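Chemist: In order, the protein sequence lines correspond to chains V and S. Add 1259 to a position in the first sequence, counting from 1, and you land on the number used in this note's numbering. Every letter in the second sequence is one number past the one before it in this note's numbering, and letter 48, counting from 1, is 29.
The hints are simulated quantities; they were obtained by calculation from the structure and are not laboratory data. Quantities reported herein were computed from a predicted structural model and do not represent experimental measurements. Among the hints, a few may not be true.
Cut-off 25 Å, straight-line C-alpha distance, at most; resulting in silico cross-link-like pairs (DSS-like, lysine-lysine) [stated by the list, open to error]:
1) K1455(V) - K74(S)
2) K(-7)(S) - K1362(V)
3) K(-7)(S) - K1459(V)
4) K1274(V) - K96(S)
5) K89(S) - K1274(V)
6) K1373(V) - K89(S)
7) K74(S) - K1459(V)
8) K99(S) - K1274(V)
9) K1362(V) - K96(S)
Over 12 Å on every C-beta distance to chain V, these chain S residues come out as not near it, computed from the model [to be verified]:
10) S(-17)
11) K(-15)
12) E17
13) E26
14) I101
15) P102
16) L105
17) A107
Cβ coordinates follow ideal geometry from the N, Cα and C atoms, glycine included.
The lines below spell out each chain.
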Amino acid sequence: MPAPAPAPPAADLAKRFGFDPVSESVMRLTQLVARRDAVAGDIAKIISQDKSLTRRLLRTANPRAESEADYGITTVEAGLARIGMNWVLLLAMADPVMRAVHKTFATMCAIDLKQLTVNSMVPFEGEHVLGEVRFSGRATGLVHLRMLPAAATLIAARLLSLPPEELGSPSEVDDVIGELSNIVAGNFKSNLCDAKLDCKLSPPNITRTTDFKLQKPSGNVVERAGFHAPELDLFVDISVNPWSE
Amino acid sequence: MSKKILTVDDSKTIRMIIQRAFRAHDCAFCEAGNGEEGLAAAAREKPDLIILDITMPVMDGITMLTKLRQDPELKVTPVIMLSAESGRDSIAKIAQLGISDYLIKPFKEEQLLEKAGKVIPLTLKAAA
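Construct all of the structure, not just a fragment, from the sequences and the given hints.
Modeler: So, in structure tokens, the structure goes:
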């Protein structure tokens, strides 16, 4: 029996199937951090070469600063020492995921979400809809999408191109929110796998809750982002332990 | 001549979006919610094209594709993968199993139509 042909390189696949290229610095950084024995100096070098990553690192390392002028920590090395290695992986991956949230809603629902600082948004009161997808393997964690029921109905109506009043049972809305959660989590999971942190996704789970608290198991790092569009607020939580094995 | 398309996805929403994408074209659809049902539907319906998700309960899309390629009657049926899975290693392995194309979710209906049109001839429905 002939040996299987070697797998085509990533660049060939991107060309053949028309994919967007993955940021080289994000790819190198995630692979480096995922090795766990990464040297801080190597990581600092990669971050320093990427303006967007540097900006995000310094913002994360200076959580109370209202502007860059207030930063007490101003170098990548000091920022790394402050936030820790677990955070670096999320730092590198959260940005592509937040872009994926925007692209998912724009492409599937024609909804143009604007990302806001979480502190500027009003927390949900009363019942809200929670879409949850877990992943497990070399990395473990979850992705949450949360919104008010009226927003979930609006999203489903836009995706299905129906007036909201013509939507059928709540399960129709749940299926839409489940699929959107799955797409966002799938993007994050794929980034983890590209960093050699292979893991599998669970099917999406949709619940309606009045009492949401994001669990933070030991070793996990958490990123929360807020998005807004007319008649719609959305929170996205990512919790990950990149070294669960 | 009408083309028969099998959509295999656990999300009713995605199956509906796929059918909507082809609404102006002369296509007939059959559906399955997982790989096991998909294999049975493929054997029964002999579709001209299969649009296949990866992450599904019971049997995932990679297992279904592997079994499909081992079946003498179905091994040449064109398959377009439609998945949120965009990991490069995973896509490389799937490509080696034999697929016509790969579309990452989220996707636009026009993108799916363009890719499908390269695999099977699509004709517009005759005006009523």
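Chemist: Output the numbers, in ascending order, of every earlier hint that fails for this structure.
Modeler: Structure breaks no hint.
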